[in-house]
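Protein chains in written order, with the working numbering: chain A, 463 to 739; chain B, 463 to 739; chain C, 463 to 739.
Just to be clear, a hint being listed does not mean it is correct.
Note that the list lumps identical chains together, so a pair holds whenever it fits in one copy or between two copies.
[As the list claims (entries may be wrong)] Below, simulated EDC-like cross-link-like pairs (lysine to aspartate or glutamate); rule was C-alpha separation at most 20 Å, straight line: (1) 545 / 622; (2) 735 / 657; (3) 545 / 657; (4) 523 / 691; (5) 724 / 497; (6) 681 / 577; (7) 613 / 566; (8) 546 / 584; (9) 735 / 705; (10) 582 / 687.
If you're looking for bench data, these hints aren't it; they were derived computationally from the structure.
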Amino acid sequence: MAIITLLTDFGTTDEYVGVMKGVILSFNPLATIVDITHHINPQNIIQAAYTLQAAYPFFPKGSVHVAVVDPGVGSDRSILALKKQGHIFLAPNNGVLTLLMQNDTVDELFSIENDAFFLKNDLNTISNTFHGRDIFSPVAAHLSMGLALSKLGPPAETQDVIRASLPQPFINENNNLIGTIIAIDHFGNLITDIDAACLRHFYSCDANNRLEISIGNHKINGLADSYADIAPQTALTLINSRDHLEIAINGGNAAICLSAQKGDHVILSIKSKGELS
Amino acid sequence: MAIITLLTDFGTTDEYVGVMKGVILSFNPLATIVDITHHINPQNIIQAAYTLQAAYPFFPKGSVHVAVVDPGVGSDRSILALKKQGHIFLAPNNGVLTLLMQNDTVDELFSIENDAFFLKNDLNTISNTFHGRDIFSPVAAHLSMGLALSKLGPPAETQDVIRASLPQPFINENNNLIGTIIAIDHFGNLITDIDAACLRHFYSCDANNRLEISIGNHKINGLADSYADIAPQTALTLINSRDHLEIAINGGNAAICLSAQKGDHVILSIKSKGELS
Amino acid sequence: MAIITLLTDFGTTDEYVGVMKGVILSFNPLATIVDITHHINPQNIIQAAYTLQAAYPFFPKGSVHVAVVDPGVGSDRSILALKKQGHIFLAPNNGVLTLLMQNDTVDELFSIENDAFFLKNDLNTISNTFHGRDIFSPVAAHLSMGLALSKLGPPAETQDVIRASLPQPFINENNNLIGTIIAIDHFGNLITDIDAACLRHFYSCDANNRLEISIGNHKINGLADSYADIAPQTALTLINSRDHLEIAINGGNAAICLSAQKGDHVILSIKSKGELS
């Protein structure tokens, strides 16, 4: 089994993704290549970090995950190979790996510098604009065939891995839990940075209390079990498949209906039954 | 051979489709996964039904076709496994299978309930929001490895399969054949619900008669053999690759040029040669 | 190894691409199918020609490249099978192969006419609207299994291959090199028809001279090594991964920022150090 996943901001209109696959297959004709997405907003490192984190656990251990959102391509930013939880990750050292560095435990971490595993052109050089083709793809192919990470270059230290600044839920002076919309999906669902563990810490279901979620001028009472749990075209909150708090509209687009954007806050408060609005 | 096709309304910007593929490959690393489309309009069951019907016959028998357009995910709607004409279909019981139920003949039909074949999380539960990941993908993988449909749950009856209400061509009081635009493709071609058999029933080519097709204020005379059969930028009608009557513009976009939308009627009438407009 | 690449203007919303893959896998279940792109602008033969040229060299020799941008489908335009540099190409004879015909050297060239390798329907006919499904896919599958091109039909002559009229860089009366924007990629980078060899012929780096690139009212001095070589949000010029002169904005979208479009001219001039604007 040799699975290589691709996550980029290259879009699918140009030949760039196809070329990466051609290079991979040139080195490992038996690789199984899976697209996570190529529609990360151009150079949006944080979106790439969240998407990678949401996707990789569902692939078999041993998979090689290639994340190329790389505004610094051709500069002196390094490229990292990370092994963690049986998965291998290749990414520029620019924040894409942030969520994988939580608690700083990694199995292996190397800086990719050994050009013996790069794709070179007739002049024996690599491009300064398309490392996805010239470095990430051939290195991923070699790793998928069992190359040890240690062959790629010198070890790197976890403290040298660049971390993106990500929002974190917090408790405000009114004892409300404040979260942030970190992603809006294809359906317009609003995904927050509040995960299920964080929510349980703040609120446990109780006969006398109930959760109220506010976003802009809209208030939602309680947690739904599923989208269809609530009347059509009604706003609801649930714990989604990423295990995060999500605001949605049953059969509708919450981003449009609630005029919500990435970065907006959501406010969670606990109301006694009498107080509920 | 283990082919699994995917047809969803998930889009390709989020990680959802990649995650489904990761789950499939976790169970069956040798599966060949083919995207039919992930750009069904959100929750558009009828578009999904037409697209599935147009695609599946061109795959090898034994293929497993997974159609996840599923506004009722997490509710008590059932999920069906259907075997017909050597193909296997997995879909929520919400109308996506409508066109496969015509004449009510199926080889096998089961309700998917046996969670031994589901993907469970650390709490041994499945999500209420992403059955594509937690039910459809692992079940498809198992079927692609030869699991009998009967292992998935109890038999279902064909009369319990929910049918979407689809337009049907009809003859009006003036003996015109009235069709409906059921799809507009990427090129802006207008695909109607009139298939070749229906058209032949209404009209057979004759030296003294000719077919006139009206859409809005536009009239088209006769059937073309191909797009290039007619002068550039001219409207034409032909029997398309789905074997349906289609209105197109040679080198242009009929939906834009003719201001046509899904659901619009087309009117077919037979004119004697003298009458032709 | 049996790699088949697909390059079309079919989009990914309809079932068309999935159907092509179903047909290919029906004939060759072991084919590895790679999408180059399906987002060529409808019927844009020149864009297809550039994209094919940019992609194919990165695939293993023996790959079969299928390019279906085919406004003349169903007309008497021929379909060609071309072998060159160890790669096989299938395309309508409408200009898509233009860049592969430079210097007129091909290894093999045949007109695809032998319907023994086509996909036929119940009436033993093929469609006039979807040769991607009925001719290109089954023929590609057969070629990927080792079928000789000569089995497909009679030899064709290179002079019969239709060439699209492509812009060529030229020197104007002021001794400036005039190029044309031939593509705008997903990032808004402006790709010109000036390749590295052409540029070297016009200008060699010199301590006393410097290159000035003009586009519209904007002037850029010198060549950058990479996007990140220049201050953020600043325009730059570099030789890109296609080995062509490209105008970009570090971290931005040059097409938008510079109001540039395909077909616009760029003007290269050599300034002595004193003259530099």
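Hints and how they fare:
no.: 1; hint: 545 / 622; verdict: within (15 Å within a copy, 49 Å between copies)
no.: 2; hint: 735 / 657; verdict: neither (24 Å within a copy, 59 Å between copies)
no.: 3; hint: 545 / 657; verdict: neither (25 Å within a copy, 40 Å between copies)
no.: 4; hint: 523 / 691; verdict: neither (35 Å within a copy, 38 Å between copies)
no.: 5; hint: 724 / 497; verdict: neither (24 Å within a copy, 29 Å between copies)
no.: 6; hint: 681 / 577; verdict: neither (56 Å within a copy, 36 Å between copies)
no.: 7; hint: 613 / 566; verdict: neither (22 Å within a copy, 44 Å between copies)
no.: 8; hint: 546 / 584; verdict: between (36 Å within a copy, 19 Å between copies)
no.: 9; hint: 735 / 705; verdict: neither (27 Å within a copy, 61 Å between copies)
no.: 10; hint: 582 / 687; verdict: between (53 Å within a copy, 17 Å between copies)
Of the numbered hints listed earlier, those contradicted by the structure are 2, 3, 4, 5, 6, 7, 9.
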